[in-house]
Amino acid sequence: MTASSLCRKTAAKSAKSRIVAVGALAVAGTLLLSGCGDQTKDKGSDSVSNAPLADKLPKDIRDKGVIKVGSDIAYPPVEFKDKSGNTVGIDPDLGEALGKQLGVDFEFENGTFDTLLGGLRSKRYQIAMSAMTDTKNRQEGVDEDTGKKVGTGVDFVDYFTAGVSIYTKKGEDQGIKTWADLCGKKIVVQRGTVSHDLAKAESKKCGGGKKIAIEQFDNDQQAQTRLRSGGADAGSSDFPVAAYAVKTSGGGKDFQLVGEQVQAAPYGIAVSKKNPELRDAIKAALDAIIKNGEYEKIIKKWGVEAGAVKEAKVNGGK
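Per the numbering used here, residue 1 is the first one in the sequence shown, and the count goes up by one each step.
Please keep in mind that the hints were generated in silico from the structure rather than gathered at the bench.
A hint or two may mislead.
[Claimed, not checked] Only pairs whose alpha carbons sit at most 30 angstroms apart, straight line, appear in this in silico DSS-like list of lysine-lysine: (1) Lys83 - Lys68; (2) Lys318 - Lys56; (3) Lys64 - Lys318; (4) Lys148 - Lys318; (5) Lys149 - Lys204; (6) Lys56 - Lys253; (7) Lys253 - Lys59; (8) Lys274 - Lys136; (9) Lys253 - Lys83; (10) Lys68 - Lys253; (11) Lys185 - Lys170; (12) Lys136 - Lys56; (13) Lys186 - Lys211; (14) Lys81 - Lys169; (15) Lys123 - Lys64; (16) Lys170 - Lys200; (17) Lys247 - Lys169; (18) Lys68 - Lys273; (19) Lys301 - Lys170; (20) Lys300 - Lys83; (21) Lys64 - Lys273; (22) Lys247 - Lys83; (23) Lys210 - Lys148; (24) Lys274 - Lys148; (25) Lys301 - Lys274.
Work the whole structure out from these sequences, hints included.
Have a look at this one:
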């Protein structure tokens with residue numbers, strides 16, 4: 001789902017990265033479905049009355065009982081659809097745990113990754129939670145390619161750490177170990193991610209006219225399909241996502257990781273700078289689930305303990 005040094009990102013850039021050991025990745029969990037109309041309010045009222053941190057939320061959100069979450073739900077194991085069509089993964093599970101602290105449902109809405117911050121600015125969502133790397137450019141609303149201001153920046157509540165990896169078809173690494181080895185070759189990436197930024201930056205360094213051919217897609221699964229069919233030499237995404245694809249695609253027979261992951265950086269929950277009360281409520285809820293052990297249980301469930309954080313931070317990205 002990067003400013004030139006992070007994992008998954010939006011058009012404002014910088015995305016998801018992490019140093020994470022992905023173990024047995026369970027496919028479980030369910031999307032929290034909120035009611036509508038008076039039912040939503042009734043449910044919200046019941047939940048709020050029993051939630052320890054509900055009073056930290058803005059009143060309008062507390063009354064509705066729902067936080068709308070913009071997310072690119074095609075990025076396993078962070079967020080994706082299971083065989084029954086339910087939204088599952090690390091982020092939905094964390095959203096459920098945060099919601100219990102705040103007395104609201106985290107309602108995930110699907111969108112392409114590079115449109116999520118725009119949806120946040122237009123108030124379509126109240127937060128964006130999608131393996132989004134916290135970067136200075138995103139905090140300040142600066143476009144990674146042009147260096148120009150493109151919109152209001154956002155605040156991040158950092159909740160995980162990740163890095164970027166390269167993968168190839170199994171048994172066909174073509175000597176690729178580093179980003180420099182991609183010169184003269186073709187890579188597939190998700191548009192607006194750190195992987196996309198890294199590929200563009202590395203291509204500029206290639207000598208002898210051997211630039212990197214970059215094919216970009218709306219989501220990471222489309223990029224994987226292209227690589228699987230032989231349409232490219234390599235793919236790149238956040239390490240947990242790349243490792244999950246290597247483990248699961250074709251029963252583990254389709255892909256292999258090559259080289260080392262790079263540019264570890266924090267994933268952040270994006271919140272409008274105009275809503276510091278919501279930002280602080282989410283930070284308090286994250287600290288609460290870290291302290292009570294719920295955070296650790298979720299991270300272990302998905303086998304990504306190496307990316308865990310010990311405390312919530314605001315705008316910790318560089």
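Going down the list of hints, with the structure as the test:
no., hint, verdict
1, Lys83 - Lys68, "holds (23 angstroms)"
2, Lys318 - Lys56, "holds (28 angstroms)"
3, Lys64 - Lys318, "violated (35 angstroms)"
4, Lys148 - Lys318, "holds (17 angstroms)"
5, Lys149 - Lys204, "holds (23 angstroms)"
6, Lys56 - Lys253, "violated (48 angstroms)"
7, Lys253 - Lys59, "violated (51 angstroms)"
8, Lys274 - Lys136, "holds (17 angstroms)"
9, Lys253 - Lys83, "holds (21 angstroms)"
10, Lys68 - Lys253, "violated (38 angstroms)"
11, Lys185 - Lys170, "holds (17 angstroms)"
12, Lys136 - Lys56, "holds (26 angstroms)"
13, Lys186 - Lys211, "holds (9 angstroms)"
14, Lys81 - Lys169, "holds (24 angstroms)"
15, Lys123 - Lys64, "holds (15 angstroms)"
16, Lys170 - Lys200, "holds (25 angstroms)"
17, Lys247 - Lys169, "holds (12 angstroms)"
18, Lys68 - Lys273, "holds (16 angstroms)"
19, Lys301 - Lys170, "holds (27 angstroms)"
20, Lys300 - Lys83, "holds (22 angstroms)"
21, Lys64 - Lys273, "holds (21 angstroms)"
22, Lys247 - Lys83, "holds (17 angstroms)"
23, Lys210 - Lys148, "holds (29 angstroms)"
24, Lys274 - Lys148, "holds (21 angstroms)"
25, Lys301 - Lys274, "violated (34 angstroms)"
When held up to the earlier numbered hints, the structure conflicts with 3, 6, 7, 10 and 25 and fits the remainder.
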